Amino acid sequence: MNQSKRKSLTAALAFILVLALAITGCSSGKNNEPAASNGGANTETGNAANAPQTSSDPNELEWKQDTSPFTFRQYFYGTWASNYLWKDQLNMKQIKEKTGVTIDRFLATGNDNDFLNTLIASNDLPDTLMLDWNHPQVTKLINNGMLYSLDELIDQYAPKLWDLIDPEIIKYHSVDGKLWYLPNNYETEERLTNGIPITGIRPWFVRKDIYKALGEPKIETEQQLQQFLEQAKAKYPELSPVGMESFDVSMWGFQGSLSMDYLIDSFSPMNMENRIKDDTQRVLYPMRDAKFIDAFRYVNSLAKNGLFDSQQLIAKQEQYDEKIYGANFIVTSAFMNGMYTQYNPKIKSTLGEDKTYVVLDGLKVGGQEPRYPASRLMGWQGFFITKKAKNPERIIKFLEYAWSDEGQLDFRYGKEGETYDMIDGLPKAKDEVKALELSDNNAWYSQYGFTASTLMWRSGKLWDAADKRDFDEKQPEQAAAKDLLKKYNFDSFSLGLENIEPEGSTPEGVINAKIKNLWNKTIPMLVLAGTDKEFDDIYNDFVKDMDKVGADKVEKVMYERHLADLEKKGIK
Amino acid sequence: MAARPKASSGTARSPFGKRLWAQRYLMILTLPAVIWLIIFHYVPMYGIIIAFEEYNPVQGFTFSPWVGLVNFKELFIDPSFLDSVANTFKISFLKLLFGFPAPILLAIMLNELRAQRLKKVVQSLSYLPYFISWVFVVGFMYTLLDPRTGALSGLLQWLGLITQDQLLMGDPKTFTTLVVVSEVWKNIGWNSIIFLAAIASIDPQLYEAATVDGAGRFRKIWHVTLPAIKPTVVILLILNVGGLVNANFDQLFLMKNSMTQDQANVLSIYSYEMGLVLGRFSYGTAVGLFQSVVAFLLMLGANYSSRKMTKESLF
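Protein chains in written order, with my numbering: chain C, 1 to 572; chain R, 573 to 887.
Keep in mind that the hints were calculated from the coordinates and are not lab data.
There's no promise every hint is true.
Said to hold, decoys possible - With a straight-line cut-off of 27 Å between C-alpha atoms, the simulated DSS-like cross-links for lysine-lysine are: (1) R:Lys802 <-> C:Lys514; (2) C:Lys514 <-> R:Lys828; (3) C:Lys521 <-> R:Lys802.
Said to hold, decoys possible - Label-pair distances were calculated between CB atoms; the ranges are: (4) R:Leu700 <-> C:Asp537: 42 to 50 Å; (5) C:Ser349 <-> R:Pro673: 51 to 59 Å; (6) R:Val630 <-> C:Pro69: 52 to 60 Å; (7) C:Glu216 <-> R:Lys662: 51 to 59 Å; (8) C:Asp405 <-> R:Asp655: 36 to 44 Å; (9) C:Ser349 <-> R:Met617: 37 to 45 Å; (10) R:Asp655 <-> C:Thr506: 34 to 42 Å.
In this text the structure is predicted, and so the values were computed from the model without any measurement.
Cβ coordinates follow ideal geometry from the N, Cα and C atoms, glycine included.
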């Protein structure tokens with residue numbers, strides 16, 4: 001008896017050991033996976049089982065050959081994009097029905113950058129990525145061999161896709177002669193003259209009732225703005241005078257906060273041109289421009305007069321959001337579309353229309369008009385196909401569908417006659433669809449899912465013209481605001497300043513990160529400086545420190561990248 | 573059974589095997605924990621080797637190109653790294669200095685309380701903050717210390733301890749103080765539990781004997797309570813010294829902002845920033861490895877000196 005007990009005990013022990021081995025075995029097995037799945041990917045793609053219908057039309061796009069059910073995974077870089085997840089929205093159902101494809105799209109848990117780096121470090125990428133084309137890790141993905149080049153896939157599986165892609169895109173976005181991703185939101189040259197006007201900055205707004213109560217004074221110069229704030233503050237001491245988006249140099253760039261652009265482009269209208277020094281072959285850091293710094297000096301003077309809450313220097317973006325929703329700012333900066341589609345509607349429904357915000361005109365400093373860079377977008381996110389993709393053939397074919405005119409119309413408007421009609425040759429959403437989009441954006445997304453399925457926005461006369469028509473008709477307030485600021489726009493495309501910062505892992509990239517760090521802690525010190533002398537001392541120390549860590553080396557690399565950008569754009 | 577007495581392996585076992593066998597049921601009880609430890613603490617250790625490589629995720633841990641000590645050479649001339657070492661020790665030392673004796677004091681004071689109800693209430697209230705996550709605690713701090721609207725800031729301003737517009741959460745000078753105070757506040761109650769338990773196990777006869785000898789309250793604390801909890805104190809101290817290089821990541825990461833980024837730059841944060849934020853995986857791992865090695869050495873040192881001085885030690 002004792003022995004049988006012992007036997008069962010040994011068995012139990014053995015079982016637990018096996019279990020332990022199995023668990024550890026799993027985790028190490030995972031590490032070996034890449035090699036296997038890479039090799040396996042191509043063989044799996046044959047997919048002979050789903051016999052493709054023999055296509056009779058030689059012009060027919062390749063995606064139509066196989067519309068059997070197929071799912072691929074996609075990581076979308078942007079935790080805010082919960083509206084883009086595939087559930088059972090109408091558009092997702094339509095696309096699935098037509099192409100057979102379902103996108104299992106997911107978002108980061110926590111911070112996007114960390115999440116992406118974790119995916120890379122553990123070699124655990126999904127089939128596809130939607131990732132900003134100029135994200136610093138793109139180079140790493142390419143160099144580590146973690147991506148399929150689209151060239152190779154298009155040639156092999158969907159050659160007709162070549163005819164659909166604007167040659168300009170191929171020229172601008174190729175790296176080492178290959179296309180590694182297809183960018184959405186690439187805007188063509190006519191974008192500046194056609195379509196909805198571009199607002200290249202975060203405009204500043206004033207609360208309607210306060211502005212009225214103070215007699216709607218002119219606010220056209222920086223002094224007038226400051227005077228207005230002083231009067232308003234005296235009358236409404238419980239409100240925060242100025243609202244600005246969060247400050248973080250590594251996230252938003254050298255202006256520190258996106259709200260600073262409005263001031264910087266007024267104080268230093270030529271700040272972009274001023275950076276380019278062809279004689280010394282450098283593209284300088286904007287912080288070297290004294291007028292750029294004057295914008296910060298202005299915020300300092302606001303702070304000294306109690307017109308800027310210092311807490312904002314360390315606040316998070318969410319805290320700023322919350323305060324706008326509560327109409328807690330006298331004057332606030334905000335993303336134009338955000339103000340008119342999110343903040344104002346919410347304020348209107350909770351606090352009343354008189355507490356909504358109206359846009360301010362651009363500030364003229366020293367009699368000079370501001371200049372807002374309004375370059376067309378060179379793309380927002382790229383569609384990347386990773387080497388982990390189990391069936392790159394179906395994915396590239398799906399991309400062909402998404403990029404085609406048919407795919408574009410489907411993705412934006414759905415089915416003709418059902419959710420939109422063609423009116424005067426342009427698509428127009430049915431009234432109830434458009435009404436829901438403007439009154440309850442989230443409900444519109446979860447019911448219809450338009451513009452959330454493929455995410456491959458591209459320029460096209462048909463829908464760009466339709467967008468402009470709808471915008472003028474349905475959002476007159478925002479259209480007027482955009483028209484007001486449009487006069488300050490200039491085309492910064494030809495300056496060649498896109499994506500000029502060195503890559504993160506190069507020595508210059510490391511220096512650049514250090515300089516961003518230095519500048520990040522200098523901004524609050526400048527804003528909170530007690531005297532002009534203190535301000536100047538802090539600034540001069542910063543320039544000294546920046547030079548000490550090697551700013552010049554980075555400025556040289558930025559010049560090289562500036563030349564490369566010009567070349568890709570076909571300017572030099 | 574009786575027919576095969578020799579077959580019983582018991583007699584052939586070494587003393588260690590014998591003891592193992594005798595405790596077999598207890599051993600099985602510990603097995604899940606051991607497996608957990610192996611899977612989550614030993615298996616991942618293999619990944620440390622990327623500190624000596626130019627890590628490429630596709631090639632994996634095993635086949636990435638070997639670069640030897642390149643990352644470590646860069647480490648020791650990297651001023652930000654050296655700053656992070658200094659900050660780590662500064663913050664951890666201050667936390668140890670104020671955070672270690674505080675729960676002992678609290679435990680002794682609680683023990684001396686006569687009103688049992690009050691003791692229970694104080695004890696419960698003092699260990700509640702331990703269960704609040706740092707995210708909330710730091711969120712409260714930002715709100716309470718807002719110079720314009722914060723309640724605590726308002727109180728301090730009223731008392732004249734800070735100026736009207738002083739941004740406590742964004743001041744490099746007050747940063748370390750806030751770190752230590754919030755840490756002590758959060759953990760004091762929880763950490764005192766173990767000392768209360770140690771005090772509770774003291775033989776009451778000792779106190780009675782001390783009373784007979786004419787000892788007062790403080791005498792009793794000094795001659796009975798403190799010596800009795802000395803082993804507990806020493807072992808916890810050794811463990812804490814080992815943790816000197818682990819300044820609390822959660823707390824500092826959340827309290828860090830553009831104005832306090834230099835003060836909050838400790839080893840774990842630096843490792844995170846290099847590895848996960850900038851994607852320099854190998855360099856980030858090198859920072860982390862350095863941290864672990866130093867922690868290990870510190871613990872050995874503390875254990876050794878404690879064995880020499882107080883005869884109490886972990887091993």
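Each hint tested on the structure:
{"no.": "1", "hint": "R:Lys802 <-> C:Lys514", "verdict": "violated (47 Å)"}
{"no.": "2", "hint": "C:Lys514 <-> R:Lys828", "verdict": "holds (17 Å)"}
{"no.": "3", "hint": "C:Lys521 <-> R:Lys802", "verdict": "violated (46 Å)"}
{"no.": "4", "hint": "R:Leu700 <-> C:Asp537: 42 to 50 Å", "verdict": "holds (47 Å)"}
{"no.": "5", "hint": "C:Ser349 <-> R:Pro673: 51 to 59 Å", "verdict": "holds (55 Å)"}
{"no.": "6", "hint": "R:Val630 <-> C:Pro69: 52 to 60 Å", "verdict": "violated (30 Å)"}
{"no.": "7", "hint": "C:Glu216 <-> R:Lys662: 51 to 59 Å", "verdict": "holds (55 Å)"}
{"no.": "8", "hint": "C:Asp405 <-> R:Asp655: 36 to 44 Å", "verdict": "violated (57 Å)"}
{"no.": "9", "hint": "C:Ser349 <-> R:Met617: 37 to 45 Å", "verdict": "violated (56 Å)"}
{"no.": "10", "hint": "R:Asp655 <-> C:Thr506: 34 to 42 Å", "verdict": "violated (23 Å)"}
The structure does not agree with the numbered hints 1, 3, 6, 8, 9 and 10 stated previously, though it agrees with the rest.
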